[in-house]
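Chains as they are written, first to last, in our numbering: chain U, 1 to 362; chain D, 1 to 362.
In case anyone wonders, no lab produced these hints; they're calculated from the structure.
Being a predicted model, the structure only gives us computed values, none of them experimental.
We put the CB at the ideal spot given by N, CA and C, even for glycine.
Among the hints, a few may not be true.
To be verified - Between beta-carbon pairs, the in silico distance windows are:
id, chain 1, residue 1, chain 2, residue 2, range
1, D, Gln183, U, Pro328, 54 to 64 Å
2, U, Asn77, D, Ser341, 31 to 41 Å
3, D, Asn325, U, Lys125, 41 to 51 Å
4, U, Ser206, D, Ile243, 49 to 59 Å
5, D, Lys361, U, Lys99, 24 to 34 Å
6, U, Ser145, D, Lys129, 48 to 58 Å
7, U, Asp303, D, His91, 32 to 42 Å
8, D, Pro26, U, Pro328, 38 to 48 Å
There are 2 protein chains.
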Amino acid sequence: MVCTKKNLNSGLTITSRVIGSGNTLPILNNILFKTEEGRLKLSSTNLEMAINTWVGGKIEEEGEITVPARLINDYVNNIAADKITITSKNHTLHLEAEKAQTHIKGLSSEEFPLIPEIKEESFTKVDGKEFSHVIKEVTFAAAFSETQPEISGVLFSFDTDTLTLAATDRYRLAEGKVKLSTQVSAPKQVIVPARAVNELGRIMGSGVVEILLGDAQICFKAPDIELVSRLIEGQYPDYKQIIPGSYVTEAEVGRQALIQTLKAASLFASENNNIELDLNPQNKQIVIKSQSSQVGDSEIGLDAKISGQKNTIVFNFRYLLECLNSLPDENIILKIIGASSPAAIVPAGRENYLYIVMPIKI
Amino acid sequence: MVCTKKNLNSGLTITSRVIGSGNTLPILNNILFKTEEGRLKLSSTNLEMAINTWVGGKIEEEGEITVPARLINDYVNNIAADKITITSKNHTLHLEAEKAQTHIKGLSSEEFPLIPEIKEESFTKVDGKEFSHVIKEVTFAAAFSETQPEISGVLFSFDTDTLTLAATDRYRLAEGKVKLSTQVSAPKQVIVPARAVNELGRIMGSGVVEILLGDAQICFKAPDIELVSRLIEGQYPDYKQIIPGSYVTEAEVGRQALIQTLKAASLFASENNNIELDLNPQNKQIVIKSQSSQVGDSEIGLDAKISGQKNTIVFNFRYLLECLNSLPDENIILKIIGASSPAAIVPAGRENYLYIVMPIKI
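Looking at chain U on its own, in the form it has when it is part of the complex (with noise of 0.2 Å):
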C-alpha cells in the first residue's frame, strides 16, 4: 500500500505507546500491520490493553504481517519522505521512500495475540479533549499496587450525562467529572486499570470519544484510534464517606507559588517526608514547616487568603505535589477541618474536581 509518511508516523508513535520494555513474549514488542477495509490497521497488545490505529492510503494488495515497534518507529521518524510504499513478503517487511528503503524482519501475524472486539452498541460519548484534562487530574492517585486489584484501577461511574472518574490508594483520593454528550439510560460503574486510563490520557486528542462496553472489557473509539482495555473484577471502596462535609479553616493560593515552597521545603523532610502548614487568618498567611535533626530547619510563609480559624496540619508533601502538579489552574483552595482529618484540595473557580488528603498525625 501507499500513506504518508505523516499519516504513518502519527500511527506508529500513538500504537508504540503500550510497548514496554522487557516483555518475555517477542511478538509483544511487535505492531501488527494488516490492511482492513481500503486502510492499514495498526494494532499493538501487552494482553492487557490494546491500541488499534487506522492510517489511510492507496491498497494495492491486503496483506499482515508484525514488526518490530521501536525500529520501525525510529525509522520512519528519521528518514525524509513523504510518501511510503509498503509491503510485506517471506515474515520482511519492504518499505519504500523516494531515496529510501528498508527490509525489517518481522513474526507472523498469526502468533499475534487476538484483539477482543466489542459487540456492544456505543454506550455514551465524552469530548476528548476535556475527558484527557479529567484522567490527567484523577488517575495518578490510583494505588499502583498488585495485591489490591480495585484500587489499581480507577472508577468509571456514569449516571445520566455525568462520568465521575475516581481513584485513591486509600491515603489520598482524586475524583473528577466530566459532562457527556449522550446521556446514559442507567448508571453503570466500571473499574479500567490505570495504566489503560493513563495511556488513554495520552493519545485522546479534541473531537468526540465514543464508549463501549463489553462483558469484561471496554473500548474507546476516537477518530482512527480505538483503545480497548480489560476490566478490574470487585467492589471499589465506597469512597464517598470519606468526603468531610464542612471545614474549619480555607485558604486560596498561587498554585505554582505552593509548588515552589513545596519544593524548598522538603529538602529538610527527608527522614519522613512530613511538613507542618500553619493557616492563620490574622496575617493572611501560611507557614510551611519542615525540620531535620541531619540537614537543618526551614520556616516559609506564603501569602494566602485565609477565611475561618487558625490551624496547622502536617502533610506528606509527595501527597501534596503530585495533586498541584497534575492542575492546571492558577490558584487553589486548601480545605482543613484539623489536625487529625481529611483536607481538601479544590481549583479555585471549578467545581468538578476534589482531591482529599489525609494528614499524618504527629
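Given the coordinates of chain U, work out where chain D should sit on it, guided by the hints.
This is chain D only, laid out in the frame that chain U set:
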C-alpha cells in the same frame, strides 16, 4: 552578609557543577562560603579541579563555613526572595529572606581541601564565547580512559596568537583553533583533564578569559568565576602525522539531514555499529547502507555536492554522530581517501576545525 538572590543563585549553580555523586569524602559534597575582600567567595572542588565564584553584597562580619551544595542550591532556587541575609554560627548557616528562613547544618571550613592558587602572572587571554565553542567541538573526542592518562586530557597548544585544542582516543581526533587576545612570548603545550575542560566550556560566558599557568596547574579566570585544574603529565601523541595532506573525494552535505539519515541507518547496525557510505559524484548522492542478519537492512540516499572520484567507506556511526552533534554549522564537508585511510569532517565555510576519523576495515 546581604546579597541578591539572583547573584547567590547563579554563583551556587556554577559552583555546584564540580560536585559529582558518590564522593567518599563528605566535605567534597559541600560548597565553601567565605567572606573575602568585601565579597562572598564560593568554592567547590573534586581534588582534580576547583571552581571559585564571587558574589557581591554587604559584609557585616567576616566568616566561613561549608554546607551541602545540592541542598543550598535547590533551596535558594525555590524560595521567592529579592535579598538574602547570610550568617554562620556553630557550623550552621542561617539564610534569611523576607518570608523565609532556614538553618543548614554544615561542616567546618578547616576540613575543606586547600585550593591551589597560581601566583604567576597572566599567560594569555582569549574570548570566552569563542573559547566555549571550540571546547564543545573538541573535548568529546578525548579518551575517558585511566590507563592512558595523556589522551584522557585535551592538549592546549599556545603559539604566537593562536590556541589549538586537540583531543583523541586513537580512533578519531578533533582539533580546533581559537585566536588569543594577547600573543604568547614562547610556544607552550599543556594537557588539561577532559572533565575540567568540559566544565570550563559550560561555565565560561561572554567576556575575556584570562589564562594563568602554574607548575602543575592551570587557571582560567573570567569576571567573578575561576576554574583551577591540575595538569596531566606525560607526552601527548604526535597527532599531526595522521592528518592526511590531500583527499580523493569530497562531499558537502546538510549536517541535520546527515544526522537523521545516520540515525535511521544505525537501527540496522546494532551488531557492529558499521555503516557504509557510497559517494557518487555522477548522481550527486551519498548512499548510506546498513544491514543486520537479525533485524533487516536499509539503504538511504542523501543529496550532496560531490567532487572527485566515486568512493566507498565504512564507519562506526557513533564516531560520525558525536562530531556532527557537536558542530553548529549548517553544512559539513566529508573528505575521503579510500576504504582504509583516515577520513576528515570539516564545517563548510570555516577553517578552524578538523575532525579525523578512522574507517572500519572490512
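Hint check results:
A hinted range of 54 to 64 Å holds for the C-beta pair Gln183 (chain D) and Pro328 (chain U), which are about 59 Å apart. Here the CB-CB span from Asn77 (chain U) to Ser341 (chain D) is close to 34 Å, well matched to the stated 31 to 41 Å. With their beta carbons about 47 Å apart, Asn325 (chain D) and Lys125 (chain U) fall inside the hinted range of 41 to 51 Å. In this structure the supplied range 49 to 59 Å holds for Ser206 (chain U) paired with Ile243 (chain D), their Cβ-Cβ distance being about 57 Å.
About 28 Å separates the C-beta atoms of Lys361 (chain D) and Lys99 (chain U), a value consistent with the hinted range of 24 to 34 Å. Checked against the hint of 48 to 58 Å, the C-beta distance between Ser145 (chain U) and Lys129 (chain D) comes to roughly 53 Å, which is consistent with it. Remark: the range hint 32 to 42 Å for Asp303 (chain U) to His91 (chain D) is upheld by a beta-carbon distance near 33 Å. Range check, Pro26 (chain D) to Pro328 (chain U): Cβ separation about 42 Å, and the 38 to 48 Å hint holds.
Checked against the numbered hints above, the structure breaks none of them.
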